[in-house]
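Protein chains in written order, with this note's numbering: chain A, 1 to 280; chain B, 1 to 234.
Check before you lean on any hint, since a few could be wrong.
Unchecked claim - What follows is a list of derived Cβ distance ranges for each label pair:
1. B:Leu103 with A:Pro245: 23 to 31 Å
2. A:Arg240 with B:Lys78: 22 to 30 Å
3. A:Phe21 with B:Ser148: 49 to 57 Å
4. A:Phe21 with B:Val130: 32 to 40 Å
5. A:Ala39 with B:Val130: 56 to 64 Å
6. A:Asn72 with B:Pro77: 25 to 33 Å
7. B:Asp178 with A:Asp243: 54 to 62 Å
Stated by the list, open to error - Simulated pairs of lysine to aspartate or glutamate, DMTMM-like, Cα-Cα distance not exceeding 25 Å:
8. B:Lys78 with A:Asp244
9. B:Lys84 with A:Glu93
10. B:Lys203 with B:Glu144
11. B:Lys47 with B:Glu168
12. B:Lys78 with A:Glu163
13. B:Lys56 with A:Glu196
14. B:Lys56 with A:Glu163
15. B:Lys47 with B:Glu144
16. B:Lys56 with B:Glu168
17. B:Lys156 with B:Glu220
18. B:Lys223 with A:Asp243
Since the hints were made in silico from the structure, they are not lab data. Don't be surprised by glycine CBs; every beta carbon is placed ideally from N, CA and C.
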Amino acid sequence: MKLFWLETYKTFSRWRTYISFGFIALIVILTEVVMKLSADEILYRMMRSFQQDFLIFGNVLNGWFITAFIMNSLHIHIPFLITLVAGDIVSSEATSGTMRLLLIRPPSRSKIITAKYLTALFYTTGLVIFLALICISFGLILFGSGDLIIHYETKFRIVFIPEAEVPVRMLLAFAAAIWSMTVVASLAFLFSTLAENSIGPIIGTMAVVIVFLVIGNFPFDFFRLVSPCLFTTYMIFWQRFFDDPIPWQEIGRSAMILGFHSVGLFLMAFTVFNRKDIKS
Amino acid sequence: MRKILLLAGILFLLLSELIQAQEDAFRYLDPIERKYSELKDYMVDVKVHFDIETLKAPDMQAKLYFKAPDKMKVESPKIFFFPKEGGYFNPSLFKKKEFEVKLLERLILDGKNVVRLKLTPTDTGISNKVFVLTIDTDRNLIKEIKISPSEGREIKAAIEYGMFNGFELPIRIDLQLDIPEGEPSGMREFTQFGQRAKRITGKVQITYSNYKVNSGLSDEMFKEKDSHQSKSSP
């Protein structure tokens, strides 16, 4: 536990750790201010297929709607911010030449790597919670509260979630988002144990995430067959908490697959780190 | 010369037949217009129930205000969806000068004399909606409206009436929607080659209660953001 706090202190002492928090704060505030200024246009663009057949009354563009919109828009960008720290957490020791010093101290390699992994997860969790807090608080201040309307792009598909249910669903969605991002953090962490510098793990992780996302979204039968084998397919399972009814079975399956990925990636990192040759 | 006269005669006969048919069809709309000529405004509680696979929403409630000829406003503390076509009662929607009316058929439905009229807008620049009305000629009531607002869309409204302050006003409108799905966009929405776009079908049940008729609603209350000037609903 002491090792974990030590690693956390080390991580949060670096200024680069705060780049992600600053980026999120900037993007969210900018997005919400722009949305506030051009609310009618945004509402029209988002709901135009629905507005052909229905009149919509009430505060549709509320804080919850904005939060769901930002979550949808940022779920591809957040992995990059996570890799900035998770991809650097082990490799930075090699870069700065402190690896040997670290490993000759009493704590075992297993304890050190576990503490570092938990720190990466702590950072990931903190980042997603920060996104949630800033989105919701700023959104509710600017746009007020109300029922949540989930509209699927230009399709005629609407899910209406009553205001009373929204906070719980949001909480579950963000918890699921943390769970998804854990896989990205684990992947970056594995690459970090393999590399001697930080750029490789960061770029490597993002390359895997982007390639998997592109393959998973290609509209061809072959790629549709491959899609279930990619962890990125399950990463958006947080969106299912805004379905009606909530598909618990699908959510459970996705969470389990992502969980296996995280554990598997960590065990690989654990093995690599324990076998790491620091004498040469 | 004789041929020209013959042609003119035939044209005259056809034209007069057409005018006669139009007049005949208008015969069924005029009594409805007269019946509701004294209806100046109404306010009513509305409850909407959706039975559409792609629209997951609980029942919604609101207060609807209508002022003749075409002002409508909805007040709801929560988000409220209301069908754009066929959702509320506007007796002055079918004006003579705006439609070309054709009598489709006369029939007896549930023991009542009924006619079906097809209303095509005269100025398609303003509206291209084609209406098919089923009118109970015994009670001068529009029982069903079939609307084709644009290509591929079809909405059918079946109306049940109740008596309020001497006016027969809807207590329930059952809407049947059959509309094409919106244009797909984005990677996830790409369809495989040869796949056809799905259609959205479903029902919307609108029930009306607590009518207050001719209570003297002011024009000002319809000037707010959430009010609509309707040119499309029954």
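To see whether the hints hold, each was checked on the structure:
no. : hint                               : in the structure
1   : B:Leu103 with A:Pro245: 23 to 31 Å : 48 Å, violated
2   : A:Arg240 with B:Lys78: 22 to 30 Å  : 24 Å, holds
3   : A:Phe21 with B:Ser148: 49 to 57 Å  : 54 Å, holds
4   : A:Phe21 with B:Val130: 32 to 40 Å  : 58 Å, violated
5   : A:Ala39 with B:Val130: 56 to 64 Å  : 35 Å, violated
6   : A:Asn72 with B:Pro77: 25 to 33 Å   : 27 Å, holds
7   : B:Asp178 with A:Asp243: 54 to 62 Å : 24 Å, violated
8   : B:Lys78 with A:Asp244              : 19 Å, holds
9   : B:Lys84 with A:Glu93               : 64 Å, violated
10  : B:Lys203 with B:Glu144             : 15 Å, holds
11  : B:Lys47 with B:Glu168              : 19 Å, holds
12  : B:Lys78 with A:Glu163              : 9 Å, holds
13  : B:Lys56 with A:Glu196              : 52 Å, violated
14  : B:Lys56 with A:Glu163              : 15 Å, holds
15  : B:Lys47 with B:Glu144              : 20 Å, holds
16  : B:Lys56 with B:Glu168              : 32 Å, violated
17  : B:Lys156 with B:Glu220             : 33 Å, violated
18  : B:Lys223 with A:Asp243             : 36 Å, violated
The structure does not agree with the numbered hints 1, 4, 5, 7, 9, 13, 16, 17 and 18 stated previously, though it agrees with the rest.
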